[in-house]
Amino acid sequence: MRPVAITGVGQTPVREHWDVGLRELAVQAIWAALEDAADPKVEALFVGNMLSGMMASQEHLAVLIADYAGLRGIEAVKVELACASGAAAFRQAVLAVASGAVRTAVAVGVEKLTERSIHATTEGLASAADADYEAAMGISFVALNALLMRRYMHEYGYQKSDFAPFVQLAHENAQANPNALFHFEVGRDQYEKSRMVADPICLLDSSPVADGAAAVVITAEETRAAGPQIPVWVHACEIGTDTIALDNRKDPLWMKGVEVSTRKALQRASLDHSRIRLFELHDAFSIMSALSLESAGFAEQGQAVRLANEGIFQLTGRLPMATAGGLKARGHPVGATGIYQIVEAVLQFQQRAPQPLQLEGVEYAMTQNIGGSGASVVTTILGRNKP
Amino acid sequence: MGIPRNWRLRNQRYRLVGSQCPQCQNLFFPPRQVCPHCYNSELSEFVFSGKGSVYSFTVLYQTTPKFEFQIPYIVALIDLNEGPRITAQLTDVDAEEVRIGMPVEMVVRKISEENERGLIHYGYKFRPIAFPESE
Ligand SMILES: [Zn+2]
Numbered sequence: 001m002r003p004v005a006i007t008g009v010g011q012t013p014v015r016e017h018w019d020v021g022l023r024e025l026a027v028q029a030i031w032a033a034l035e036d037a038a039d040p041k042v043e044a045l046f047v048g049n050m051l052s053g054m055m056a057s058q059e060h061l062a063v064l065i066a067d068y069a070g071l072r073g074i075e076a077v078k079v080e081l082a083c084a085s086g087a088a089a090f091r092q093a094v095l096a097v098a099s100g101a102v103r104t105a106v107a108v109g110v111e112k113l114t115e116r117s118i119h120a121t122t123e124g125l126a127s128a129a130d131a132d133y134e135a136a137m138g139i140s141f142v143a144l145n146a147l148l149m150r151r152y153m154h155e156y157g158y159q160k161s162d163f164a165p166f167v168q169l170a171h172e173n174a175q176a177n178p179n180a181l182f183h184f185e186v187g188r189d190q191y192e193k194s195r196m197v198a199d200p201i202c203l204l205d206s207s208p209v210a211d212g213a214a215a216v217v218i219t220a221e222e223t224r225a226a227g228p229q230i231p232v233w234v235h236a237c238e239i240g241t242d243t244i245a246l247d248n249r250k251d252p253l254w255m256k257g258v259e260v261s262t263r264k265a266l267q268r269a270s271l272d273h274s275r276i277r278l279f280e281l282h283d284a285f286s287i288m289s290a291l292s293l294e295s296a297g298f299a300e301q302g303q304a305v306r307l308a309n310e311g312i313f314q315l316t317g318r319l320p321m322a323t324a325g326g327l328k329a330r331g332h333p334v335g336a337t338g339i340y341q342i343v344e345a346v347l348q349f350q351q352r353a354p355q356p357l358q359l360e361g362v363e364y365a366m367t368q369n370i371g372g373s374g375a376s377v378v379t380t381i382l383g384r385n386k387p
Numbered sequence: 001m002g003i004p005r006n007w008r009l010r011n012q013r014y015r016l017v018g019s020q021c022p023q024c025q026n027l028f029f030p031p032r033q034v035c036p037h038c039y040n041s042e043l044s045e046f047v048f049s050g051k052g053s054v055y056s057f058t059v060l061y062q063t064t065p066k067f068e069f070q071i072p073y074i075v076a077l078i079d080l081n082e083g084p085r086i087t088a089q090l091t092d093v094d095a096e097e098v099r100i101g102m103p104v105e106m107v108v109r110k111i112s113e114e115n116e117r118g119l120i121h122y123g124y125k126f127r128p129i130a131f132p133e134s135e
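Those protein sequences? They're chains A and B, same order as listed.
Take the first sequence: its position 75, counting from 1, is numbered 75 in this note's numbering, and each next residue is one higher.
Take the second sequence: its position 97, counting from 1, is numbered 97 in this note's numbering, and each next residue is one higher.
Possibly wrong hints are sitting among the right ones.
To give a feel for the contact side, a few chain A residues facing chain B, derived at Cβ under 10 Å [what the hints assert, rightly or not]:
| # | residue |
| --- | --- |
| 1 | E123 |
| 2 | A126 |
| 3 | A129 |
| 4 | G138 |
| 5 | I230 |
| 6 | D247 |
| 7 | V260 |
| 8 | K264 |
These aren't lab readings, by the way, just hints derived from the structure by calculation.
Heads up, the beta-carbon is just placed ideally off N, CA and C, and yes, glycines get one too.
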């Protein structure tokens with residue numbers, strides 16, 4: 001397969017976009033990305049989205065978006081992989097270009113979660129779990145993560161307040177990102193007093209549902225238009241999966257999908273963990289951050305929370321995460337999230353991250369987008385140099 | 001949940017009918033068509049005893065409309081004595097009394113109802129065993 005690069009990125013602010021529909025939101029991000037890449041000829045569009053059917057009664061979404069983006073006639077396909085839909089669409093675009101099937105593709109992630117009541121949204125998100133044996137028993141998506149968090153605290157002896165650093169660093173970073181949903185600091189006492197949603201998960205542990213769209217332009221090297229931006233190279237994009245139901249896993253605290261997709265991605269890129277300078281992980285809940293870091297091999301089992309308290313994952317630390325606020329504070333428009341992560345990593349390479357968030361000398365960055373309670377995991381490695 | 005689905009799942013919901021792989025003896029709930037360990041596709045029926053212990057639990061304060069009338073309620077991961085783990089609500093117990101490792105047994109209760117004229121869904125919940133037999 002030939003090397004492929006990202007030559008343009010676009011994103012809308014993550015907000016409650018009541019005045020904008022799915023198609024307009026997606027078109028805004030696509031056009032921003034195309035402009036960024038100096039208007040290449042696009043041959044295929046891959047749309048990452050989870051809930052257009054349930055939230056907007058709109059399936060057949062990719063063609064609608066292609067048409068309204070001015071791309072009528074091109075190949076257009078929606079990719080659904082729960083909360084990992086965005087990165088899954090990105091992988092399809094990468095494969096399409098790397099294989100030589102098309103020269104240039106766009107991957108866009110788009111989601112509108114404020115279209116209906118919060119109840120409808122909760123029900124929609126629960127559909128990422130096993131409908132017959134998890135959701136039907138009254139479990140919500142938050143509750144699945146709560147089951148993990150309680151067991152984790154039990155196994156490793158952590159207190160609830162030990163998880164605060166994950167939340168605090170995300171909110172701190174988001175303040176400098178104009179596209180983030182939240183722009184407020186969180187104090188440790190505020191975290192401890194936060195309202196319980198599904199004990200031990202409180203409101204401040206949970207990434208907020210919101211609307212947003214993000215897009216990237218992907219091109220093969222020889223056809224790369226002389227765009228204004230430094231190309232950022234795709235060194236790997238790999239998927240790992242696990243049982244859809246949490247209860248079916250022998251050790252629910254070990255995310256096999258994370259382990260597998262991270263290992264595959266590092267192998268594909270011929271790298272080891274020490275080369276990754278930035279990890280945009282799937283911090284949908286504080287416990288997800290801890291389990292991701294451990295199963296990906298960046299922390300020993302049971303140690304991620306301790307490392308967070310040591311400041312390892314802050315901008316000034318050894319392995320910054322959630323550099324633009326993460327799912328927690330940038331917001332989590334589910335099917336768009338995976339593309340937001342990639343866009344944010346690309347901006348870091350191009351020295352275009354908001355000033356206080358800009359990291360120096362990033363050679364490789366990893367982004368990781370997770371579907372459900374860890375049932376599907378897409379791990380991407382981006383690099384400054386051509387593979 | 002529609003009528004066919006409700007009817008189709010009756011053996012799982014009321015009797016904890018799962019499956020067993022005759023080749024590697026592994027047990028499954030819910031039942032599977034293919035054994036994920038040895039890929040045998042001739043699995044036999046296995047009925048679980050309904051006895052187990054709490055692996056983890058949570059108390060829900062926010063949920064979907066169907067379950068709102070129960071707030072706050074407890075959902076747990078339960079290790080069945082035969083092996084598999086299952087997701088279910090706990091009943092007949094206060095949240096403050098629930099502990100990881102607590103012995104529980106299955107009972108059939110109302111899980112949810114659709115509306116005044118809709119279906120009432122029954123199925124398994126788990127309650128503490130007052131005096132667990134020593135084994
Ligand atoms: Zn078997």
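Here is how each hint holds up against the structure:
1. E123: Holds: closest Cβ of chain B sits about 4 Å from E123 of chain A, inside 10 Å.
2. A126: 6 Å, holds
3. A129: 9 Å, holds
4. G138: With a closest approach of 4 Å, the G138 of chain A hint holds.
5. I230: 44 Å, violated
6. D247: Hint on D247 of chain A: holds, closest Cβ of chain B at ~4 Å, below 10 Å.
7. V260: 15 Å, violated
8. K264: 20 Å, violated
Violated hints, listed in ascending order, are 5, 7 and 8; each of the other numbered hints is respected by the structure.
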